[in-house]
Amino acid sequence: MTITQQRPTNRYLERPAPSSLADVINTILDKGLVIDIYIRVSLVGIELITIDARIVIASVDTYLRFAQAVNRLDLTQTETAGIPELMEDLNSSGAKGKTSGAIEGAKDKLGELFSTDDQDEDDREKEPARSSGGRSDSGRGSSQQSRRPRDRGE
Amino acid sequence: MVVHLYGVVSAQARLPDDLQGRQEAPVRRVSDGERDALISDVDPDRHAGRRDLLAHAHVLERCVEEATVVPFQFGIALEDDDAVRERVLTQQRAQLAHLLRVFQEHVQLTVQALHQEEPALREVLHRWPDLVAERDRLQRVGQAGDLAQVQLGQAVAAALEDLTIEDGAMMMERLAPLATAVGQPQALGDTEVLHAAFLVARSRRLDFDHAVGGLRDDYGHRMTIRYIGPQPPYSFVEPAMAGELSWA
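Line by line, the protein sequences give chains A and B.
Following numbering that gives the first Met the number 0, the residues of the first sequence are numbered contiguously, the last one being 153.
Following numbering that gives the first Met the number 0, the residues of the second sequence are numbered contiguously, the last one being 247.
Treat the hints as calculated values from the structure; they're not laboratory data.
Even for Gly, the Cβ is constructed at its ideal location relative to N, Cα and C.
Treat each hint with caution, since some may be false.
Just the calculated beta-carbon pair ranges, DEER-fashion [unchecked claim]:
hint, chain 1, residue 1, chain 2, residue 2, range
1, A, Gln67, B, Arg173, 33 to 39 Å
2, A, Gln67, B, Arg45, 45 to 51 Å
3, B, Pro25, A, Arg71, 50 to 56 Å
4, A, Arg71, B, Arg173, 29 to 35 Å
5, A, Asn70, B, Glu23, 50 to 56 Å
Modelling step: build the complete structure from the supplied sequences, incorporating the hints.
As structure tokens, then:
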């Protein structure tokens, strides 16, 4: 059976998922067609978010945190890093907590701004679950974190 | 009451008939015979919030599964159906025809990849052994001052940025050939490796799905990869109007 010998194209059933709130803020507020004469819908709170959530986090604290993080890393585990299954376990069990750190502040900020919104909080939970592995909840607001213009060398 | 404008489709487009828009109002179509605007009644005195943004986006995302969609920015409302017909479908006629032609049978897919800190740092230390040496030296010395730690952290941050740029470029290399066009690269947040919009032909969606799956296979151990869509081609409206999307 040659089929069983072949590496599958990918291990996940990959399907794109609907936009989360952060995606939406990133796209529909400043992209898409506009026309000249229209009534602008009043958007309380939303304008603030796009500014306030861009908190600059590259600071001495960040560097110290990186130093602490590498000090904690046990490199004897590096040998196992190539085994995808093990890494997946690591990621799914603990990555969410570990990746928070400095970016948590910006996310909290975003959360606060939204909780002052007059909509109920349940919407977030109603966002559809992602179809594939490896996704933490960091999507909400993550794209709004500190934006540091960077030359991508393209 | 005023009407909120979501987007424009061809009058022949078949769309889901149970679309719910802002303020739980049903989405309806107003037509000039060639093109239809998607609208719903809204109370202009109610503030727009999170639900309204999501309703706008999700209405268009459901439509783009079925048909070519020209998306409008959030926040456009007009007095009534006649105003939509006159000021949108008639006055913007040439522009809408152009955009529908450019976007024909295309959707936008967005890929966002974020480094997970610990696995990414592990990779950094693996690639730059001098960082490990410096870390170990400071640990041996003991009581290393904050300055030395800050410098170590700075070097780690710089290495992480190199890794980020390299990973981003490699991911782009694998996705871009499957897309008809790639959106302007966005300014990236600190852990972001890639955040890009791709204009993808409907016929290539499956290929694109597989390519994203392949990225997850190869990078999923140190990145969170988000795959968003299909969206209407928000990121390509401006380039299309500027004539930068050249196949049309």
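Is the hinted range of 50 to 56 Å satisfied by the C-beta distance from Asn70 of chain A to Glu23 of chain B? holds, 53 Å
Verdict for Gln67 of chain A, Arg45 of chain B (Cβ pair) under range 45 to 51 Å: holds, 47 Å
Given the hint of 50 to 56 Å, is the C-beta distance from Pro25 of chain B to Arg71 of chain A inside that range or not? holds, 55 Å
Does the Cβ-Cβ separation between Gln67 of chain A and Arg173 of chain B fall within 33 to 39 Å? The hint (33 to 39 Å, Cβ to Cβ) holds, given that Gln67 of chain A and Arg173 of chain B are roughly 34 Å apart.
Can you let me know if the beta-carbon spacing of Arg71 of chain A and Arg173 of chain B is within 29 to 35 Å? holds, 33 Å
Checked against the numbered hints above, the structure breaks none of them.
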